[in-house]
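Visitor: The primary structure of each chain is shown beneath.
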Amino acid sequence: MEVAVIGFAQAPNQRHGQTTTNGVEMLVPLFQELLTSRGLSRKDIGFWCSGSSDYLAGRAFSFVTAVDAIGAWPPTMESHVEMDAAWALYEAWVKLLTGEADTALVYGFGKSSAGNLRRVMALQLDPYLVAPLWPDSVSIAALQARLGMQAGLWSEKEMADVAVRSRAAALSNPAAQISGHVNVEDLLSQPFVADPLRAHDCAPITDGAAAVLLATGDRARELCERPAWITGFAHRVDTQNIGLRDLTTSVSAAKAAADANVDGIDVAEIHAPFTHQDILLRNAMGLDSSVVMNPSGGALCGNPMFAAGLARIGSAATEIMAGRAGRALGHATSGPALQQNLVCVLEGR
Amino acid sequence: MGMPLQAPMEISFDYTRSLGPVLGPFMTALAERRILGSRGSDGRVHAPAIEYDPVTFEPLTELVEVASTGTVLSWSWMPDPFDGQPLDRPFAWALILLDGADTPMLHAVDAGSPENISTGMRVQARWAAARTGSIRDIECFAEPGEPDEPGERVEPVTMVTTPIRLRYQHSASPQESAYLRALAEGRLVAQRCPACTKVYLPPRGACPTCGVPTEEEVELTGTATVTTFCIVNVPFPGQRTKPPYVYASIVVDGTDIPMLHLILGCPADEVRMGMRVEAVWKPQEQWGMSPENIDHFRPADEPDAPFESYAHHL
Amino acid sequence: MKLQAAVLGTGQTHHTTRRTDVSIAGLCREAIDRAMADAETSWDQIDAVVLGKAPDLFEGVMMPELFLADAIGATGKPLLRVHTAGSVGGATGIVASSLVRSGVHKRVLAIAFEKQSESNAMWALSINPPFTMPLGAGAGGYFAPHMRAYIRRSGAPQHIGAMVAVKDRRNGSRNPFAHLRQPDITMESVQASPMLWDPIRMDETCPSSDGACAMVIGDVAAAKASSRPVAWIHATAMRTEATFFAGKDHVNPQAGRDAAAALWKDAGITDPLKEIDAAEIYVPFSWFEPMWLENLGFAPDGTGWKLTEAGDTEIGGRLPVNPSGGVMCSNPIGASGLLRFAEAAMQVMGRAGDHQVPDARKALGHAYGGGSQFFSMWVVGAAPLA
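Residue numbers (my numbering), protein chains in the order written: chain A, 1 to 349; chain B, 1 to 314; chain C, 1 to 386.
Think of the hints as simulated: they come from the structure by calculation, not from any bench. Honestly, I wouldn't trust all of these hints.
Stated by the list, open to error - Okay, derived cross-link-like pairs now, BS3-like style, lysine-lysine, Cα gap no bigger than 27 Å in a straight line:
(1) A:Lys43 to C:Lys306
(2) C:Lys2 to A:Lys43
(3) B:Lys282 to B:Lys242
Pulled out of the complex, with its shape left as it was, chain A reads as follows:
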């Protein structure tokens, strides 16, 4: 069974989106745009799968109201992961491989601005030994960044280079929250947010949503001129204990990349919410300098929680569907300091 991405849409990445934490206001137009682009109606979709988080919204069952945006009548085949929707895409891919559906619509949404995001993310940490100290997500990434700097794996200038490249690339991405031409010297003259990280090293706080359409074999060919065929799809998780991991690399990203086979990639859309993680992931996944990195600008230019990983895969697929790439990868991450990583390899034919 062959499965392909045949469509992608994302809501504008915004610091304060005009949306409820249910995401409905973002999802309704998004579904409409995505379905219309392929001449489909919501009743044509065989399987719906989503990713979101109750802690982002501050209450239990926050994903339930999002189902309203589907218009789930007659009742639909539907599922939800409490993860970035890139993993919902994995569940949908598997579902299509079983033959139980021939199309799937996968979506993720997050209103990151509703709470104090850095502090909320501390609740992902071990609830006995770590979370009671409330270490925030940026501080943990900063510990990782310094380890790599100490080991000579990246410098603050190389980190700033990533920000410069990402923001310039985002100029061609109308959904991006941040874009523009900046120079390294200006960035490095800015104060630290969490020494050794400056603002440009950290993804912005973003409200947003993303949706991806999948279809199998002939259905994909019939609906899309140049489907982005999934040739490899793998994910791995590492121990969460950051004291037990070599934080300067990512075993899980390396394994996922090897399993998905990233040889011959033209374009990579990497979900790196911090500049040093862009470098770390490129090294861990073995992507050489010929690979075009994050033509969308990546998470550093817009990081809607629980949708940003899916958006990377959608952006990678867009490069294929538009004929700009022959073989592309989309990557997603989750958990403190890149604990969990997913790689989806897509190909045009």
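We have chain A; now place chains B and C onto it with these hints.
Guide: Same frame as chain A, but now just chains B and C:
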């Protein structure tokens, strides 16, 4: 239509965590100013103690005491601490390799300013004055001072309480905001779905069967039919009415969907399926942007609705 | 030909109000260790892990599968976290089975848990965001009006709810893992218990439990390599509808009907009452037994209560329902659905101990959640689907 309404929201709970055979002794030791690690399947000592080996997944049962002094392996600077963090003044987060351990732990270092911390720096745990058997018993780490006096032995710690308080800015949808603004004026206003023409109260950001926002406003009088109900006899946290009382599914005239509301104004055992009721508003001076402006529904002086008229709402 | 998969083994914890002897990791591991032993499976054979649980606010940990990675044997492997409200345990089993039936993974560990005593489920479920009505009735108050509607529509006599409670609690007394084990319960004692949410009495409601359930699902090669009987997964089904919508049938929701119809079709079953030997149905309030019997197609509309009243749903009856005691005896919310799925597997593997239904060859596992809107179910059999 105006901007969508927003309001702050706080969620707060003191979680009670049971600890089990590894974390229990670890927390007990903290209360005694001692730090325990656990020996991994490969012989390395992990401090703080962990319950399962990350490679073999075997339970780790051998606990090893390590020192409360150690070396900074990496650090980051927190210039503006968040609620609940170890210190309320600028401090460093650090990965600290305790003497006697093979893998580092995460904690705070009270360094004063970023100039005073560096990788390789020696630090020592600063113990909280009152210790309860929690990771917070280590207030933070700081420059080494006098060696620790062992603390007094305590009863085994089996539970830890972790308060979690979070603040959010909650937003209403544009449709809900219009409904709330009307309520503040003493009007009950539903909206119709442009696709299926059903009337929703409250209005919806997406009609749940059509996936499009409800639009056309429909003004309601507030008379309604009880479709079904229960009599609440049980007290529970956050309850606002003294039991027994009736909690009913009602369909307000002019709408196509039941809503849940309180029925007062007659003995609980006189409420019936099909009973006609009407909205009772709070005094006007208590009105806000809130569905609570309607305090409850009470019996209307009308004959009951026939079963067939509301059976499709059950 | 679709690929097949089988449950190789199951495990569960002892369920009780407060499992204060273990951490969250220890609770999960207790179920996992039993499942791995039952499945004769070692860690190196597991190539993916799926974890399910209900809202993160119950334990106050955001995405707890991340910190649990070592305890649940996921480190270095693919890990998925499912959350589909109360149906999540069932969805966890179905997602795990899809990973195998897709041909992507060979042996998958499914684990579902809830440690409700870490907080208070009533608190977590009744958070009242601004602009909304405060919850007026508590947990049972949401469902009680629908039971009244069922009684009105079906003409069921009032004692049916008590009959189910007595049967389930007596069944639970045969299940060493059950939270509530009440061999001496009687119709009189149930009917004398306080009326909490009229028409629901106290003894007609489920408890709040700490607990976990795990299972190992393998491909055909793994199933054939097993020295012990396995439970072949004949069909799975999931359907969703909205919580509230104009015309929703709260008593007999369409999503449940549609899921059941798809399930029976895929499992090759034309007369479920005749062909299913045991059913583990998600019944958190006793009145849901007759309601779901109709929703699942075991009985025509309005007649589910007649099966209950005739004793057909007892062990030894035509369709034993919840021989384990079901949710009425143990309710760790996130795990409750996987427990139903596991108990169905245990029946066809012949490993249900004192609550074994003799010669059970085909069994149903069922879960639902939210406002009766998320449904997940499967049929397992002692033999592969022909």
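Visitor: Each hint needs a verdict: does it hold in this structure or not?
Guide: Hints versus structure:
1. Our distance criterion of 27 Å between C-alpha atoms is broken by lysine 43 of chain A and lysine 306 of chain C, whose separation comes to about 37 Å.
2. About 25 Å separates the Cα atoms of lysine 2 of chain C and lysine 43 of chain A, which keeps this hinted pair within 27 Å; it holds.
3. With a C-alpha separation of about 18 Å, the suggested pairing of lysine 282 of chain B with lysine 242 of chain B holds against the 27 Å cut-off.
Taken one by one, the earlier hints fail for this structure only at number 1.
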